[in-house]
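Asks: Chain by chain, the residues:
Protein chains: 2
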Amino acid sequence: MRIALLGGTGDIGEGLALRWAYHTDHDVVIGSRDPDAAHEAADAYRETVAQHGRETKVTGFENAMAADRADVVVLAVPPYHVADTVDAVAESLDEDDVLVTPATGIKRDESGFHYHPPGAGSVTALVAEAAPESVPVVGAFHNLAAGRLSDLDADLGIDTLVVADDEDAKDVVSGIAEDIDGLRALDAGGLANAAEIESLTPLLINVAQNNDGLHDLGVQFR
Amino acid sequence: MRIALLGGTGDIGEGLALRWAYHTDHDVVIGSRDPDAAHEAADAYRETVAQHGRETKVTGFENAMAADRADVVVLAVPPYHVADTVDAVAESLDEDDVLVTPATGIKRDESGFHYHPPGAGSVTALVAEAAPESVPVVGAFHNLAAGRLSDLDADLGIDTLVVADDEDAKDVVSGIAEDIDGLRALDAGGLANAAEIESLTPLLINVAQNNDGLHDLGVQFR
Numbered sequence: 001m002r003i004a005l006l007g008g009t010g011d012i013g014e015g016l017a018l019r020w021a022y023h024t025d026h027d028v029v030i031g032s033r034d035p036d037a038a039h040e041a042a043d044a045y046r047e048t049v050a051q052h053g054r055e056t057k058v059t060g061f062e063n064a065m066a067a068d069r070a071d072v073v074v075l076a077v078p079p080y081h082v083a084d085t086v087d088a089v090a091e092s093l094d095e096d097d098v099l100v101t102p103a104t105g106i107k108r109d110e111s112g113f114h115y116h117p118p119g120a121g122s123v124t125a126l127v128a129e130a131a132p133e134s135v136p137v138v139g140a141f142h143n144l145a146a147g148r149l150s151d152l153d154a155d156l157g158i159d160t161l162v163v164a165d166d167e168d169a170k171d172v173v174s175g176i177a178e179d180i181d182g183l184r185a186l187d188a189g190g191l192a193n194a195a196e197i198e199s200l201t202p203l204l205i206n207v208a209q210n211n212d213g214l215h216d217l218g219v220q221f222r
Numbered sequence: 223m224r225i226a227l228l229g230g231t232g233d234i235g236e237g238l239a240l241r242w243a244y245h246t247d248h249d250v251v252i253g254s255r256d257p258d259a260a261h262e263a264a265d266a267y268r269e270t271v272a273q274h275g276r277e278t279k280v281t282g283f284e285n286a287m288a289a290d291r292a293d294v295v296v297l298a299v300p301p302y303h304v305a306d307t308v309d310a311v312a313e314s315l316d317e318d319d320v321l322v323t324p325a326t327g328i329k330r331d332e333s334g335f336h337y338h339p340p341g342a343g344s345v346t347a348l349v350a351e352a353a354p355e356s357v358p359v360v361g362a363f364h365n366l367a368a369g370r371l372s373d374l375d376a377d378l379g380i381d382t383l384v385v386a387d388d389e390d391a392k393d394v395v396s397g398i399a400e401d402i403d404g405l406r407a408l409d410a411g412g413l414a415n416a417a418e419i420e421s422l423t424p425l426l427i428n429v430a431q432n433n434d435g436l437h438d439l440g441v442q443f444r
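Here the protein sequences come in this chain order: A and B.
The first sequence begins at 1 in this note's numbering and counts up one residue at a time.
The second sequence begins at 223 in this note's numbering and counts up one residue at a time.
Derived from the structure by calculation, the hints contain no laboratory data.
We put the CB at the ideal spot given by N, CA and C, even for glycine.
The reader is advised that the hints may include incorrect statements.
[Stated by the list, open to error] Here's a subset of chain A near chain B, in silico, CB distances under 10 Å, partners left out: (1) A44; (2) T48; (3) Q51; (4) H52; (5) T59; (6) E110; (7) G112; (8) F113; (9) P118; (10) D165; (11) L183; (12) L186; (13) N193; (14) T201; (15) N210; (16) F221.
[To be verified] For each label pair, taking beta carbons as the anchor points, the in silico distance ranges come out as: (17) B/E351 - A/G53: 56 to 64 Å; (18) B/D373 - A/E133: 30 to 38 Å; (19) B/E269 - A/D171: 45 to 53 Å; (20) B/R330 - A/D171: 22 to 30 Å; (21) B/D306 - A/D153: 30 to 38 Å; (22) B/Q273 - A/A154: 40 to 48 Å; (23) B/Y302 - A/D153: 47 to 55 Å; (24) A/D94 - B/N433: 26 to 34 Å.
[Unchecked claim] Rough simulated footprint, nothing fancy, chain A against chain B, three-plus residues with beta-carbon under 8 Å: (25) 330 to 339; (26) 379 to 388; (27) 396 to 403; (28) 427 to 441.
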């Protein structure tokens, strides 16, 4: 499988890229608005994985070119950039691709972090509205700490929740999720169930901030 | 500590009552609008715990009398009854008591279960608005499967998230939570952070419904 991480130079993009490169044989393509930044990130990720004893081919391209090369396209961009990123790559997507959104809307105030969804109801719903109608959208990878993914010596032992209205697309994304050692994919139903998943991310941050010794948190359903 | 479970004849009340009676030396008081129902539930819970080899004193009273006897008062009632239950027991509460709310607002549609908070922003916030000003309010026990609590042979190994603006009250509730074997209390900050905790409950139901072999789910933060 060829996986593109648009915005793959950012924290969550880096974490997922490193994990797929390290644990799987999938081709990892780093996308960025700036192709030079994409090349540099790809070089750095290859080097990090090589230091862990594994030769991989991670490549870097401008976002639309990255999307054009991929079977699965992950929108690893901040929530306020998901719509314009989808627009920028829309012509590179078709019904055989899967568009994956891990972003969530968060605002911070004096009490902590709160879920702050866009008007569409969730970031996932916003992506589904922005995507070409024929391209299946999957929500996944919302509740993973980027720092823990990026530390290839860290055990995961956590779950990711997957939502989609297209069952085949959901299976594809659940499969590439579980190809990462220590990550379990759980089916949370259709796209309409995304808001509760996205809400878990600010909660993870609040828990990490209020309890000594807990950081880079994930969850396990049990 | 004396713990009253208002609405303690319901599922979550039963689960918490059995766990406190079985694992701890706290006095458990079952409250109900109907004192006969409270007596009957208390008798049944004592019997269940006795069958597991432990003699306890669980008593039953009308809600206001139960609250009057307790140090910690848990509102184990449906979300649409929390405000009138607080009103009904308000004169039995004072600043030395702690009022605990485990309820969350959930609606169901064809896609699954969704968080449906009251206008106050969360059920926890609604309780804080309804409670006498001097009585500290704590949100806790939102994300526990009643069926798993009630099965005293079931291991827990899960977390409960605790929010409060009064740190002493939060410590009291975290303490009685952790007195239950296998339950860890995590601090999630102030009352303003309750909505993200309450949102986790419909997500747990969605995950249980969509994955074979998962039921009566809780979460562990890790």
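Asks: Of the numbered hints stated earlier in the document, which are not met by this structure?
Replies: Of the numbered hints, 1, 2, 3, 4, 5, 9, 11, 18, 21, 27 do not hold.
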